[in-house]
Every structure is written in C-alpha cells, then in structure tokens.
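Chains A and B, in that order, are what the protein sequence lines are.
The working numbering puts the first sequence at residues 42 to 307.
The working numbering puts the second sequence at residues 2 to 257.
Note that these hints are calculated values from the structure, not bench results.
Some hints could be false.
Simulated crosslink set (SDA-like; lysine to any residue; CA at most 25 Å straight-line) [to be verified]: (1) Lys302(A) - Lys203(B); (2) Lys302(A) - Lys48(B); (3) Lys20(B) - Phe60(A); (4) Lys48(B) - Arg205(A); (5) Lys160(B) - Asp181(B); (6) Lys63(A) - Phe154(B); (7) Lys49(A) - Gln177(B); (8) Lys61(A) - Glu153(B); (9) Lys63(A) - Asp176(A); (10) Lys61(A) - Pro116(B); (11) Lys99(B) - Gly243(B); (12) Lys63(A) - Ala179(A); (13) Lys135(B) - Glu122(B); (14) Lys53(B) - Glu97(B); (15) Lys301(A) - Asp23(B); (16) Lys20(B) - Ala304(A); (17) Lys302(A) - Phe40(B); (18) Lys297(A) - Gly102(B); (19) Lys160(B) - Glu305(A); (20) Lys225(B) - Glu244(B); (21) Lys136(B) - Ile53(A); (22) Lys53(B) - Ser298(A); (23) Lys63(A) - Asp156(B); (24) Lys65(B) - Asn226(B); (25) Lys302(A) - Leu127(A); (26) Lys135(B) - Arg140(A); (27) Lys302(A) - Gly77(B); (28) Lys302(A) - Pro29(B); (29) Lys45(B) - Ile132(A); (30) Lys99(B) - Arg205(A); (31) Lys136(B) - Arg205(A); (32) Lys302(A) - Glu109(B); (33) Lys49(A) - Ser119(B); (34) Lys179(B) - Lys61(A); (35) Lys63(A) - Gly111(B); (36) Lys65(B) - Lys99(B); (37) Lys203(B) - Glu97(B); (38) Lys301(A) - Ile100(B); (39) Lys141(B) - Ile132(A); (40) Lys37(B) - Glu305(A).
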Amino acid sequence: MERTSNDKDLLIELVRTNFKLKYNDSLLGFFWAILKPFLIFGMLYIVFSNVSRGQDQKSFQIYLLIGIIIYNYFNESIVMGMNSLLEKAHIILKVNFNRTIAVYSNQVLAGINLIINLLILALFLLFNDVYLELDLIAYFAFVLLTLTILTLGISFFTSVIFIRFRDLLHITEIGLQLLFYASAIFFPISLVPERISIFFVQEIPAREIFELNPLYILIQAARNTFINGQISYLYEVLLIFIISLLFVLIGRAFFKSRVKKVAEFF
Amino acid sequence: MIFNSKTQKENDDVVLEVKDVDKSFWIPDERINSFKGYFLQPWKLFKKQGRKFDALSDITFTVKKGEFVGIVGKNGSGKSTLLKLIAGIYAPNKGEIKIHGQLVPFLELGVGFNPELSARENIFLNGTILGMSKKFLRTKVQEILAFAEVEEFADTPIKNYSSGMAVRLAFAIAIQAKADIYLLDEVLAVGDAGFSRKSMGKISELINTGVTVLYVSHDLESVKNLADRVIWLKGGRIEQMGEPGEIVDDFITSLM
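Model the full structure from these sequences, guided by the hints.
What follows is the structure, encoded as structure tokens:
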C-alpha cells in the first residue's frame, strides 16, 4: 500500500461524500443546485426588464443569466473555500493528511455546481440565436478557469485566517453582497454615473472605478463572447490570470507554513 | 497472550527520533478570535494576556524498529500531545522529530465517519483519510465487513448502527492500514469481550510482523504485558524511561 499517492483518491472521496450528502438524498436532488441562481434570475428579470428597454429582451436575459451564474460560482467558491479547514477540524486534529486537499475538494464542489448551471445555460443558448463558435467557447472556458484559479488562491489565505478570525465570514458576506452590485450583474455599466460627488469629495470617477473590478471584467468578458461574438478584455483577463497564478503559488506557501500552527486554534 | 516482539530488539535501525522537543500552548484569559474583538481591544494584538502552558518540555528519545513503546502518565501529563506532535498534527515550539518510514496515527477510531453514509461508503471515506488507496480498499471491503461482523448491514447508513457495530467497523478499517510505525491512543480494546479478544489477536499478529508501536494507555496491565520499554511522563517531562515492570510499578506507587 503506497501512502504517498493517495491524494487523488482522498480528493475524489471527499468530493463524492459531500456531493452525495448535498444532493442525492434530498427530495429535490439536483434541482437544488440550480434553484437559487434561477430564482434570482427570474426575480431580477421581472423587476429590471425595463432597464434594457432599448436593447432586445433576449440579450438582456443572457446578460443577466451569465452574470448571475458566474457571480454565484464566485460566491460559493469564496464561502466554501473559507470554510474548508474549519469544517474538517475533527479530521485534521486526528490524521495528518495533505491539508491542501480540503481546499481543493471544496473548489471542485463549487465547480460541479457551476457545471450544472452551465448545462442549463447551454440549453438556453441553443434555443436562442447567439454566437456559438469554438474559439468563443474556448475563451469563455478560459475566463472561468481564471476565476477558478483566483478563488483558489484566495481560499488558501482565507481558510487559514478564518480559524483565527471567526467573523471573517460576516465581513466576507458583506463584501460579497457589495460585489454583487459592483459587478453590474443586472444592469448595464452605462447606468453608473461617470462622475459623482458625495459629501465633500468631488468628482469621483465612479464608472472608471467600477471597471477596475476584476469580477466585473471577467463577467463582462464571458458575456461578450455569446452576446456579441467578441473576444474582449483579452489583455485584462490575461493579467488577472497571471496575478491569480501568483496568488495560488504564494497562497499555497502561506497555507503550508501556517496550517500546522493554526491546528491549536480549532 | 503471545507477543514475541521482544525478539525484534536486536534490530538497531532507528525509526523515530525525538530530540529536545518543547511544546507549549497559550491559554488566554479571554480568547479573541474575531476582527471585532481586536478592533474593540486593539492593544490585545500586541500584549497578550494569559499564561503559557508547557505541555511538553525537553523530550528526547529514540525508538528502534520493531519496538513496542508504552507511554504512561496521569491525565494532562502530555501523552496525547506527544502523539499528536509525532503524527504531525501540531508543530513543536522547539526541537525536532524525525520519522523514518510510514506512520499511521490511530488517535481515534472512525475519523471522518459520516452517519448518513453506508458502511461500504464509510470504508472508502475513512480508509482514504487514513492514507489507503481506493484500489487497495476495493480488495479489502469484504474482509473489513466480515471482520466487523456487519456484512448484512453493508448498505445501511451507520446512523442506524449500534455504537458497538460502528466501533467494530472503525477498528476493522484501521487495522488494514499498513505502516512501519503505529501510534495508538487507547484504541486497542473495543467492542464486547468476544470482539475485544479478536481485535487483540489482530494486533498481536501485526506486532509479530515487526512494526513499531507507540502505545498510550491507562490500562497499565496491557502496557506491562505488551511493551518492550515504557516512558513515564509527568508534567510534560520524561520522569522515567526503561523496563516496563519497574516503571509501571513506580508509576502506580506514585499514584497512591
């Protein structure tokens, strides 16, 4: 029996267990995975379809749907990633397995949810007249890969920090809520005023600041593939990709150096 | 019972070296584990209030291949902390621990058991957590179920198991882990008298294959019978180390 090479088996087993507990035994099963994003989609579409009066309704639907699905994936990855060590405290205190597996397994779980949502999106796109070409799909996938690496990098930090600072989750939830509005999920960025003055601060370039948000850039890049048939923000996405890779490398080193020391704080 | 591990003593390979190990825990007067806490009392970031608890100090010993080392001591003397340091769960404050070979810790049986899952599924979950490969486990499922005497309930969620059945299953999985060094924390005798005898038999089989065992227990008779050498921990320090008979007797006298 070789002990060194069982990381992959452990990863599969942890993912399978979680997946089974979450979906298999519940009455609605798979339906749960898509319920939340599609309810939000329905509600936002009903309320805000007027916003897009100028454009056609179908592209607003796709605009909204892609935004919600990607935001939802980001949200789940961040929250689950942060929890990945603390929720396994009972195992971590008894067995010295490779701790990074805990982080990877939650990222994979969030990824499975994303894939289920993407299948619905694919059906939706097939019934609508959109640009579906191989290079566009590849770019869309690359954008999602970039987002995955970004959240993985963040999780390596937050999973460790969360053990010492238990209110990190509350702070993050506020941050994620703000990010939902800051990522232009349900409105076009043109609705954000170019310049705004609050109290004594004059002439804040609001829209330019919005456009610096990496999540907005990734969502916008993903949207433009199917809605306009464009490969957009290529330079920005590549930059985020490289920064995310660095994040993962530094995050892993941080994680490995700290993970044993935080075991006392569970 | 026959345990002939003593014959292995000639082998001089050192498999475990513990050198000058210190481990202390910080016991705060008031544990702050939130940003809010530090925001309200920012000085706590710099000036920690509390006291240091030295769980272990100046621990040095080596273990040779095939040795069975018993560790005795009162509650809070550092026995479990020592095993957790060796298992790599905590990092020592000072000193170093060198391990030559594969190590499997049994600090608790059934780590990661999920009550909603069936016995079969828990075998794979618990087994992979203990470091076994799925391929290996697949060949062992029947043997594990048979040894635990739960074949009829292989697909029943273990939340419906009696505590005895669950602990038998946990033992049957754990015993499959193949390693050079085993850390056992009070996990030898489980289940009813019959199963307990069966599990002790399995362990003696294991010991006879020449593995190294570190065994923490309050069952002093079993320590006396099984161990080649005993370490007596007192207040985080090694009080005595050596011949099981003498040290266990001294330890018992100290308790009087």
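Tell me, which hint numbers fail for this structure?
1, 3, 5, 9, 12, 19, 29, 30, 31, 34, 37
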